[in-house]
Amino acid sequence: MSNPEFGSRVFDVDAIRADFPILQRKINGNDLVYLDNAATTQKPNQVIKSLVDYYEQTNANVHRGVHTLSIEATDGYELARTKVAKFINAPRPEEVIWTRNTSESLNLVAATWAEANVGEGDNIVITAMEHHSNIVPWQQLADKKGAELRYLPHNEEGLIELDSATGVIDYRTKIVAVTHMSNVLGTINPVAKLAERAHSVGAVILVDAAQSVPHMPVDVQALDADFLCFSAHKMLGPTGIGVLWGKYDLLEAMPPYMFGGDMILEVTYEDATWNDLPYKFEAGTPNIADAIATGAAVDYLTELGMDNVWQHEQELTDYAMEQILSLGSVRVLGPQNPALRGGVISFIHDTIHPHDLGTALDQQGIAIRTGHHCAMPLVRSFDVVAAARVSFYIYNTKSEVDAFVSGLCETEGYFSR
Amino acid sequence: MSNPEFGSRVFDVDAIRADFPILQRKINGNDLVYLDNAATTQKPNQVIKSLVDYYEQTNANVHRGVHTLSIEATDGYELARTKVAKFINAPRPEEVIWTRNTSESLNLVAATWAEANVGEGDNIVITAMEHHSNIVPWQQLADKKGAELRYLPHNEEGLIELDSATGVIDYRTKIVAVTHMSNVLGTINPVAKLAERAHSVGAVILVDAAQSVPHMPVDVQALDADFLCFSAHKMLGPTGIGVLWGKYDLLEAMPPYMFGGDMILEVTYEDATWNDLPYKFEAGTPNIADAIATGAAVDYLTELGMDNVWQHEQELTDYAMEQILSLGSVRVLGPQNPALRGGVISFIHDTIHPHDLGTALDQQGIAIRTGHHCAMPLVRSFDVVAAARVSFYIYNTKSEVDAFVSGLCETEGYFSR
Amino acid sequence: MTGALGNMDDLYEAIILDHYRSPRNTAPVEEADVDFEVNNPFCGDEFHIQLKVENDAVAKVGITGRGCAISQASASLLAELVEGKSSDEVHAAVSSIRRLLKGEEITDEEADVLGDIEALAGVRKFPVRIKCALLSWVGLDDALKAHQTG
Amino acid sequence: MTGALGNMDDLYEAIILDHYRSPRNTAPVEEADVDFEVNNPFCGDEFHIQLKVENDAVAKVGITGRGCAISQASASLLAELVEGKSSDEVHAAVSSIRRLLKGEEITDEEADVLGDIEALAGVRKFPVRIKCALLSWVGLDDALKAHQTG
Ligand SMILES: Cc1ncc(COP(=O)(O)O)c(C=O)c1O
Ligand SMILES: Cc1ncc(COP(=O)(O)O)c(C=O)c1O
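Chains V, R, E and P are the protein sequences, given in the same order.
With the numbering used here, letter number 238 in the first sequence gets 238, and the count goes up by one each step, no holes.
With the numbering used here, letter number 317 in the second sequence gets 317, and the count goes up by one each step, no holes.
With the numbering used here, letter number 133 in the third sequence gets 133, and the count goes up by one each step, no holes.
With the numbering used here, letter number 90 in the fourth sequence gets 90, and the count goes up by one each step, no holes.
There may be inaccurate statements among the hints.
As the list claims (entries may be wrong) - Calculated cross-link-like contacts (lysine to any residue; reagent style SDA-like; alpha-carbon spacing at most 25 Å):
#, chain 1, residue 1, chain 2, residue 2
1, P, Lys-60, P, Lys-102
2, V, Lys-26, R, Asp-53
3, E, Lys-125, E, Glu-31
4, R, Lys-145, V, Trp-274
5, R, Lys-193, R, Glu-5
6, E, Lys-85, E, Ile-106
7, E, Lys-60, E, Gly-6
8, V, Lys-49, R, Asp-53
9, E, Lys-131, V, Ile-71
10, P, Lys-145, P, Ala-92
11, P, Lys-52, P, Gly-65
12, E, Lys-102, R, Asp-53
13, V, Lys-49, R, Glu-5
14, E, Lys-145, E, Glu-109
15, R, Lys-144, V, Pro-255
16, R, Lys-144, V, Gly-146
17, P, Lys-125, V, Ile-71
To be verified - Here are the computed distance ranges between Cβ atoms for each label pair:
#, chain 1, residue 1, chain 2, residue 2, range
18, V, Glu-115, R, Gly-119, 44 to 52 Å
19, P, Ala-111, R, Asn-337, 49 to 57 Å
20, P, Asp-35, V, Glu-115, 52 to 60 Å
To be verified - Selected chain V positions facing chain E (Cβ under 7 Å, derived; list incomplete):
#, residue
21, Gln-24
22, Ala-116
23, Gln-363
24, Pro-377
25, Ser-381
26, Val-385
No lab work stands behind these hints: they were computed from the structure.
The beta carbon of each residue, even a glycine, is placed where N, CA and C say it ideally should be.
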C-alpha cells in the first residue's frame, strides 16, 4: 500500500469519471451533474466489483469457520480493517470498529464511554454547527445524567475561535465532540487545538469526521483524537457501513454496546465474558461484503492520494465560490475564503426558495441538496429554515460548476417571467 | 407480487443452481458443496444484480431529496420494505424496521421495549436452545433491572413441551423471547402456542426468526407474535441488513434506540422530537443498497414459493438424516423425526473431533460448520464443547448429501489408518 | 428557455406563480376563532393560519408565513377558497384536493368548487412536492375539526 | 484414498496421529506446583495441565482434557518435551515453536531441541489451526511465568 497522502495514480478527472458508471446516466434528458456529495458519494467500478467478486466467489460467514470460504471471508474482512487503520494512521487495526454509519459510531460512544464516564454536574461540549447525529445523542445523555450540554459558538463567518473555548471547556468537561468539517458551512475546525484543550482538562475528544476523512488526509495521531467517526458511503464506499476508531485503552475499558454472536468469548446459562477488541463491539454477523468494499474504496482514494483529492476540491470550491458570489442574488453561508473550508457550499437565494431551486435544477439534470441538512439549529441561526447546498468530489469538474451556475440563472429567469 | 407461500416459478434445483455463481467455484480442486447455510446463504445473480444496478444507476441518499436519484433511491428503499412486510404478512410496512442483523434487532428490543417495561422482580423467559444473540442481551437486562432470566427447558429430543411452560411463564413474565427454529437442533418451536401463553399473562412474545423466515412460510399475524427478528444474509440477501418487525402500537410507544439524522422531526439546541415509524428507529443514512437487494431476495423466494422451499429442505433433511444415522458412528443432536425440524443437522462423531472433520471435508470441497454455533450453553448440555453441523438451502441436492456422507467415510478411513 | 427546464410548467402553472408572488389574505386576523401553525421542518415551510368563524361559516382568513412556491401558492388558494364556506364545505374541498393530488378522479361538481385550485394537479408529476401542496389543507382540516369538537 | 483428502498429510503427519491416539503423560500429578487450564471455547479444546517443579526443572507433567487431533497431539508432544527441562529451556522451546508455526526460520540447535515437535510445522498451511497447535504452549509459558514471579 502506498501512503494515503500522496497517491500512486495521476489525478486525471476524465480517467476518474470513466470509473463511475452512474455518470453516464441522463436525468430528465440531461447529463447527470451530481453535486450532492456531502449526502453520499457515487461508487467507482472498483468498489462495485469488490461486492460482486465477494458474492460470486467468497461469500461465507466469518470467524471460527474451518472451511475455505469462511477463512477467505475472514481474511478479506480483516484486511479491509487494516487498510482503514492505515488510511487514518491508526496505531492498531483492532482500534477500528465497523459500525453501520457515523451516526451509529457516535451513538456507540455516547451509550458506552460517556454512559460510564459522564456524571451529574459534568458537561459535554459540542459546537453549534453539529449534524443532528452529533447533537441528539448528547442531548439525551446530558438529560439522563443531569449533565450540561454546552455549545462552542462560531463567529459570523462560521469559524470557531479558540478563545471562545475558554470558559466553555472547563474542569467539569468530560468529552468534547466536534465535527472536523461542517456539512453545511464547510468550515474546518481546529481539532488538534481543541484536542489539546480537552486533554488539558482531562476530557476526551471525539471527532465527527464524516466530512473530513473522505476529502482530506486525516491522521488520528497527529490530531491526537480519542475517537473518530465516519461513514463509507461518503467516501466511495457502500451504504450500511461506517467506522468508529478509538484509542486502544479507551475501547478496552468500555463496556460493549450490543450483545450477541461474535462479541462473546464464553456464555453459560448465567453469564457471559466478552471477546477481545475489535470483536467486543461487533455483535452478530458483520457487514462483511461492505467492509471489504470499503477496503476497495480506501484503495481507490489511496491511489489517488488524499492530498490530490483535497487540492482538486479546493480548486473547484474556489472556482464555484467566485461564480456563485458574482451572481449577486445569493448569500453563501460560512467562510468565503476557500482555504478555510472544504468543498461544500450552502447558500440562500434572495427570491427563490431552495425547494423550487432544487426541482428546477433537477429538471436540468443537476442534483443538489435542499433543506436543513440535518443541522436544523445551525440553519435556523441564519434566520432561514432551509438552504440549498452543492458539494463536490473527485469526479466533479469546472464545467459542471458552469452547468450549475447557468442552471441557476435559467431558474432565476424562469421565476421572474 | 404473488403469494409468498405458493410461488410462480417451478422449483427446479438445476435452474436454481444456475442462478448462483459461487457454485462454480472449486475448493481444493473439488466442486464446492456448500452446507453451511445456517451461518449464511449464498446469493443469486438477481440479488447481486440488484446491488450493481443500484450503484450504477440510482445511488443517492434517501428521504427529503428533491433530485431524481434521491427520489428513486427513496422509492426503491421503501418498496423493499413493503416487500418484506408482505413476505411475513405484516399488517403495515411501517412496522418493518431495517437493522444490521438479527442480533441488532434483538438488542433494539431489549434496550427500548424491555428497558422501559421490565422491572425489579419481573422475569424474562427464553428457551435453553437460544443463540447467544438471544441470551446475552437478556442476561444483561435482567442483571441491570433486578429481573429474573428463566429458561424454558426442552426434552431429550430437543423439543419444548408446552406443559413445561406452566410455572415458567407466570404473571411476572414481561417478555417471552424464543427462537422459531434452533440453529443447532433444528427444532421448530410452538411459537403460536407460546404466544397464547405469553399473552394470557400479559407478556409480549418476541420470535427469533433468523432460521425460520428463510426456510418456511412465516406469518406474523397467524403466530400472533409481537416482535420478530431476522437477517437478510441467511435468506439469499446481502450482509449488513436485518429486520425488526413489531406490532405498530408497541413500536409507536417505544423510545428510540439510536439518535441522529433521519430519526428526527425537529431539533433545537435544547431538544428534539422524534420522527414517525419506521424512521424513529433508523438513525443516520440507512443501508439503502442492501435494503433494496433484500427486496430482490424476497422476490426470488416469493417466486419459488416458501412452501416449496420448505418441502425441498424437508426432503433433503429426511434423506440426509437417514444416511448419517446409518453410518452408526455419529450421534445427531435434536429430534430425529424430520417433520419436527428444519434443515439443520448437528452431530458428533464417536472418534473424530469436529474440527478435524471440518478440515478433512474442506479438503474435499465440502463446507460445514464446526464449533459451538453461538449456542454454547446448549451444546455443552450435550456434554460436548463442539459439534459439526450441516445445513441446507434451496440449491442443495441429494447428490451433495451423498458427497458429504462419502466425505465423512473417507475421513473415517483416514483417521483409522 | 423553458426547454432546458423540462416539465417545470406542469408544476408552476401561471396561476401558481401568481399566487406565489402575490399571496392573498396575508393580513393577520384579530380575535381569530381558529388559529394554528403548520410546518414541514424538512423543507422549511411554515404557515400561521387564522380564521374567524361566524354562523359555522368562515368569515375571514389570514395566512402568514413562508414556504416554497407550491406551499405558498397552495396556502393562498386555500385562503381564497374557504372564505364564506361552511365547515362541511371546507371538509369536502379538502377531500377533493386530497384525491386530486393522489391522482384519483374528481367529479365535475368538485372541480367547479376547486376552481383555480385544479392548477395544483400538476404536482402529481412531482410526488415529493405533494406534501408542499397539501400542507396547509391538512392543517386546516385538523384545526376545523378541533374547533368543532372543542 | 488420501488423494481426495488433499493436503491432509501435511497437517496430520504420522507422528501427530500417533500422539493424538496415544497421548503421553495423561496421569494427573499429585501436589502439582503448576496447575492450570487452557481452553479455546470456539473449537472446544480444553486441557488441564499440571507440573511438578523441582530445582527449577520440570520433574513431572500430567495433561488431561480433550481437543482436536492437533491440539491433543501438541499437548502430548509438549508433555514429552518439558520433562526434565529448566524453565528457561521451556521458555526457549515455546519461543522456537511460536516462530516455527509463524513460518520463521529456526536454528538447527532449536530443531534438535524440538525433535518430533517439528512435525507440527505442517499446520502452517492451515492457518486457522495454528491456534490449536499453540494452545497448550502459550498456556504453559504463562503459567510458568506466574509460578516464577509468584
Ligand atoms: C437462531 C439464530 N438467532 C440469531 C442469529 C444471529 O444472526 P446474525 O448473526 O445475523 O445477527 C442466528 C445466526 O447465526 C441464529 O441462527
Ligand atoms: C458532519 C456529519 N456528521 C454525521 C453525519 C451522519 O452520517 P450518516 O448519515 O452516514 O450516519 C453526516 C452525514 O450527513 C455529516 O455530514
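Hint-by-hint comparison with the structure:
no.	hint	in the structure
1	P:Lys-60 x P:Lys-102	29 Å, violated
2	V:Lys-26 x R:Asp-53	15 Å, holds
3	E:Lys-125 x E:Glu-31	40 Å, violated
4	R:Lys-145 x V:Trp-274	20 Å, holds
5	R:Lys-193 x R:Glu-5	22 Å, holds
6	E:Lys-85 x E:Ile-106	19 Å, holds
7	E:Lys-60 x E:Gly-6	39 Å, violated
8	V:Lys-49 x R:Asp-53	12 Å, holds
9	E:Lys-131 x V:Ile-71	51 Å, violated
10	P:Lys-145 x P:Ala-92	13 Å, holds
11	P:Lys-52 x P:Gly-65	18 Å, holds
12	E:Lys-102 x R:Asp-53	29 Å, violated
13	V:Lys-49 x R:Glu-5	34 Å, violated
14	E:Lys-145 x E:Glu-109	24 Å, holds
15	R:Lys-144 x V:Pro-255	13 Å, holds
16	R:Lys-144 x V:Gly-146	20 Å, holds
17	P:Lys-125 x V:Ile-71	12 Å, holds
18	V:Glu-115 x R:Gly-119: 44 to 52 Å	20 Å, violated
19	P:Ala-111 x R:Asn-337: 49 to 57 Å	56 Å, holds
20	P:Asp-35 x V:Glu-115: 52 to 60 Å	40 Å, violated
21	Gln-24	19 Å, violated
22	Ala-116	34 Å, violated
23	Gln-363	4 Å, holds
24	Pro-377	11 Å, violated
25	Ser-381	14 Å, violated
26	Val-385	3 Å, holds
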